[in-house]
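Protein sequences, first through last, are from chains A and B. Under full-length UniProt numbering, think of the first position of the first sequence as 1, with each following residue one higher. Under full-length UniProt numbering, think of the first position of the second sequence as 1, with each following residue one higher.
Be careful, since some hints might not be right.
[To be verified] Result set (SDA-like, lysine to any residue): computed pairs, CA atoms no more than 25 Å apart in a straight line: (1) K109(A) to L84(B); (2) K225(A) to D258(A); (3) K160(A) to R93(B); (4) K2(A) to E151(B); (5) K80(B) to D115(A); (6) K253(A) to V87(B); (7) K162(B) to K152(A); (8) K154(B) to T112(A); (9) K109(A) to E151(B); (10) K137(B) to D66(A); (11) K80(B) to R28(A); (12) K160(A) to E151(B); (13) K196(A) to F227(A); (14) K152(A) to T128(B); (15) K225(A) to T123(B); (16) K142(A) to F118(B); (17) K80(B) to N122(A).
Simulated from the structure, these hints should not be mistaken for laboratory data. These numbers were taken from a predicted model, which means no experiment stands behind them.
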Amino acid sequence: MKIRSPQGLHYPITVVELSKKADDEVRRSSPLFTYYYESTVTEGNKYGEEKEVRKKFPARFDSSADGKIVQWFIKNGALIQHPGVDIVEIEEPCTHEVQFGSLCADCGKDMTEVDYLTEERNVDRATINMTHDNIRLLVSQKEAVRAEEDAKRRLLGAQKLSLIVDLDQTVIHTTCERTIAEWQADPDNPNYEAVKDVRSFQLADDNIANVAANWYYVKMRPGLKEFFDRISTMYEMHVYTMATRAYAQAVAKIIDPDRKYFGDRILSRDENYTDKLKTLHRLFPTNTDMVVIIDDRADIWHYSDNLVRVPVFNFFPGAGDINASFLPKQQELITSTKSELQPAKEKPVEEGDTAKVFSVAGKPTETMPTETANGTLTDLEQQLISMGSGDNPDVLEQQVKEQEKVIISQQTERPLLQKQLLLDQADEAAEQEELANETENGETQTTEHHKQRHSLLHDDDRGLHYIEDCLIRVHRTFYDEYQRRKTGPQGGRVAELRGEKSPKKRLDDFVPDIKVLMPRMKREVLNGCTIVFSGIIPLGLDVQYSDFALWVKSFGAQVSLNVNKHITHVIGNPDRKTTKVKKAARYPHIKIVNAKWMFQCCTKWQRVDEAPYIIEIDAAERGSSFEDLEDDDIAVTGDEDGENGPDLAEDIQLDMSDEKWRSMGDEFQDFMDESEDTEDGSNSDSDSVRSDTSTKSDSKRNRKKRKRTTGSTDGSEAEDSDASVNSTSRLQRRKKRVLERVTSLTNVVSADKSSGLPSPETTGPEEGHGDEDRKKDVGRLGADDSEEDDGLEAELLAEFERSASEGDA
Amino acid sequence: MFFLKELEKTIQLHPSYFGPLIRSHIHRELLTKEEGSSTGKFTIVCILDSFEISDGQVIPGSGYAEYIVHYKAIVWRPYKGEVLDGVVTSVIRSGFFVDCGSLQAFVGQGMIPGDIKFDANATPPQWTDNADQVIEKGTNIRIKIKGLRSEVDKMYAIGTMKEDYLGPLQQ
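Isolated chain A (complex conformation) (with noise of 0.2 Å):
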């Protein structure tokens, strides 16, 4: 250690003479040099005069630490004119590099002690965390990396890789839910096959809102032995979860009963720091280069390079994950793949949640876009995150009760239960039988009927098929790599004789970096795709950083907002059939999916077959929204013409978001059902309408015919006069209509008119919506699916465009 001289003296000072010589010993506190400086003091004599004078001091100077001296920088005689001059350089007995409760591990010496002395702290000395079980144990960054060469050293001689597993809706589920038990007990119930491998523990010191012995039950995802038995010959193993220690432990016993795979690695909630987020750099602090995440979220790994994400594991339905209310709220898929188990009025509310939710916790998706997200989270930054909410007494206790919430209500509420009740109440139906049993609880029925029972449970989950794919490949091509760049380049062979390397260095230039390889290769799978969703991402989030978007991104796809010729997939939800779709639909060349053909595609790693996953559009559906289309051509066409313009119609065209192309499409075929006119009549009118704008560009006739769908929902603007003949009763045929169609034009109407109002803020609260979060989005809203920025600019564009044309009008 290096002294240097310390700030607070007076400087310029005399080293006079050095008390030890190099090789001596020094202690702590111990006189290193004398030195004398010079001040102005004032003296009086005996005859009261005061004068000044300048008097020299001696002084000495202590050594702040313990140790042999190994070098002097100064001489005898030398002046020191500033702080931060080298004076000794000290080898010290033991330099802290490990401490245990602020402790030096290897001299026991306390660490918080500070004395006048004291320059830096010897606990800064030591301040990472990479112990799994332990928020005590700190090391140095030297202790880090020399930990981790080894670790890489022993990895690469077995042939290994790191791999973090986390456990729930990963590898396992779980659910509070007592039916499970009683299911279990009976072989007759149809969800018996299902549930009869199913573990269930108590922990001991779980007093979640006093609900005495609470049962968990653990569903392991199908073949997760045989998964762990062939994926630990290839990584090592640890668990990382959002759950606490002894819920991690108890699980642990579970899937890992010998502790062979995970031994005592094993990182929880308690020893996080945040729960907000995980970080590779909680236990890989200085290297990432070997390790490989598989986690169902993205989002809480900042969108980690080293990641795989991997399907989520839902066995039991509705459960979700009894752990996840101290995370930030998760994006749902609203095309559920049991969506045919789940009461329809889940959706809004679930677009909702989320809506709110991605303002409030979604910080990494606003923030981060992937590729800046790994490996620069800082200390700093995860305090500042952890302040910002995870300590927050009130937030955690908040969260806290979320959790018992959850667990109380899985408890008493027993939604498994209703589900299967409910499932055999269609089964009865359906089958039209005369049951001598009246009750319909599942467990009372007779064993001939339970055939034809549906169960609700279904163990064919096949995720970790995938995953072990994905695994395999990952592990197969570092290690190509890494044979190819051992074997390769001779030049490292020449190099290290002629000195230049030390194969330290050159032990690091060989290992592949699981960061580039782990990208590459998901690039390749979605490579030259560009997907447009539709219908799939709730309004108001940025389409470009939603969760979905930045997963297929990171397989190499591209994300457009809107359809043009350019797009190879629409992503659509197949029961709302939107103006993307049909838009789409007309190019033969896009092909409509549905979004399991994504999370296909993500989970195998391989671009499968689109046939399965198209969406039929039907020739009737396109013929019915014959009208809808001829305005769109319209657009569209000017769209592909103007793209050597710039992205502002683009934009607007954006801002024009679906909803509103349908409006539009209603009123003017209402129009033209309604008036008796002939064709030459109606045409003549929207020929008034566009006459003066032919000659400006598309995008502004947009704007106009959008400002008559506005007007018209006002029943205020003048020059819809002929529209406010039947105003109302058209409007409300028109709303009802629309309703039918399409299910999140609540959210839409106060959209069209949040875009057509000269300030977004005043449509607020005519929305009816109550939260604050909805509101801030309307802005956003009105741009539906493009960026931020683009939107807000092409607002005030369009808004501009108006007011001029309104000026020629």
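Please build the complex by placing chain B on the supplied structure of chain A, with the hints as guidance.
Chain B in isolation, oriented as in the chain A frame:
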């Protein structure tokens, strides 16, 4: 080291407990709250039966009654240089953790004799000299306290094995 120590505790009792059984309530409260707790200096192991309860005083504004209880208890306080027996709770590359009753101690690499090495490939991981000395989770072990630090309600210790007669105990 164990001591017999006289202690004092202020107990607040909810009015619903006021009645003929009030003494037993206070006693129970004392046992549940104090036994096993750590003050940062020592751990209360066992409270002896004889204790004095002062006259209760009702706290203005809340209705709770406050009792000051004098009692004797066996307390345990570790000292630097003391030799303790404990159970290994966790084994890692840089050492292992030992629980000695309420005290958690860490034995670092530098405190383990050189012939005992870490074996990461064993399941579970262990420190071993490849002979009869094996340190893994659950091993009974004798260590000497090298450093000790107390926080408000917790104590931390650094243990050493590098002296005679220290190390895993034969079972």
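Numbers of unmet hints, in rising order: 4, 7, 10 and 12
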